[in-house]
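Novice: Sequence:
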Amino acid sequence: MGCLGNVIWFLCGGLWQGLWWLAAGVLWCITIVGIPIGRQCFKFAALAFFPFGKEVRYGGGTFSLLANILWLLLSGIPLALAAAFNGVLLCCTIIGIPFGLQCFKIAKLALFPFGAQVVEVDTVPYYTQPY
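Read the sequence shown against our numbering and you will find it ends at 1173, with the numbers running on by one and no gaps.
Keep in mind the hints are simulated off the structure, nothing from the lab.
Keep in mind the model is a prediction, meaning the values are calculated, not measured.
Yeah, the Cβ is synthetic: ideal placement off N, Cα and C, and Gly gets one too.
Hints should not be assumed to be uniformly reliable.
[Stated by the list, open to error] Calculated pairs, DSS-like style, for lysine-lysine (alpha carbon to alpha carbon, straight line, at most 30 Å):
no. : residue 1 : residue 2
1   : K1096     : K1150
2   : K1147     : K1085
3   : K1085     : K1150
4   : K1096     : K1147
5   : K1096     : K1085
[What the hints assert, rightly or not] Cβ pair distances, simulated, as ranges:
no. : residue 1 : residue 2 : range
6   : I1139     : G1103     : 20 to 28 Å
7   : T1135     : L1107     : 13 to 21 Å
8   : F1105     : L1057     : 27 to 35 Å
9   : F1127     : A1088     : 20 to 28 Å
10  : L1114     : I1077     : 16 to 24 Å
11  : E1162     : I1074     : 30 to 38 Å
12  : V1068     : L1114     : 16 to 24 Å
13  : L1153     : F1084     : 17 to 25 Å
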C-alpha cells in the first residue's frame, strides 16, 4: 500500500514539494556556511517525494535549536505554508485525507527540520517477525 501511495502522492503534489526542498537546498549550498543546512534540505526532499512508509522523529541539541531559528526565519515559513495549504486542499475530499496528512507531516518538518530524523516504518508487527 505504501508503494501505491507514494506513486499517487508523487503525481499529485509530491513532485512540487520535493522540488521546493531541492531549490532551498541549492540556495543554502551557495554559501559555505549554509552547506550543512543545504544537505539537510536534500535529505528531506527525498521524504517530500515519497513520504509513505516513513516517520519523522524529533530530537536535537543546541546546534539544532540555533539552526532551526535561522532556518525558520529564512526558509521554513514559505515551505511550511505551501505544504499546509496543499494539505488543506487535499483534505477537502475523503480520498485526499491520507495525502493531506502527509502534507501536514512535511509542513511540521519544514518548520523544525534540524534534530529531525527520517526513519522507515516497520509495517510488520513485532509479534509476527521471526526470531
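Novice: Now look at each hint and say whether the structure bears it out.
Specialist: We went through each hint and held it up to the structure:
For a cut-off of 30 Å, the pair hint linking K1096 to K1150 stands: about 14 Å separates their Cα positions. This hinted pair checks out: K1147 and K1085 have alpha carbons roughly 15 Å apart, not beyond 30 Å. The hinted pair formed by K1085 and K1150 meets the criterion: a straight-line CA distance of about 15 Å does not exceed 30 Å. For the given pair, K1096 sits about 10 Å from K1147 by alpha-carbon distance, which is consistent with the 30 Å threshold.
With a C-alpha separation of about 13 Å, the suggested pair K1096 and K1085 falls inside the 30 Å cut-off, and the hint holds. Checked against the hint of 20 to 28 Å, the pair I1139 and G1103 fails, with Cβ atoms roughly 35 Å apart. Between T1135 and L1107 the beta carbons are some 38 Å apart, a value that contradicts the proposed interval 13 to 21 Å. Here the CB-CB span from F1105 to L1057 is close to 31 Å, well matched to the stated 27 to 35 Å.
Take F1127 and A1088: their Cβ atoms lie about 22 Å apart, and the range 20 to 28 Å holds. At roughly 19 Å, the beta carbons of L1114 and I1077 sit within the given window of 16 to 24 Å. Distance hint for E1162 and I1074: a CB-CB separation of about 32 Å, consistent with the stated range 30 to 38 Å. Between V1068 and L1114 the CB atoms are about 19 Å apart, so this pair conforms to the stated range of 16 to 24 Å.
Look at L1153 against F1084: about 18 Å separates their beta carbons, and that is inside 17 to 25 Å.
Going down the numbered hints, you'll see the structure goes against 6, 7, while the others check out.
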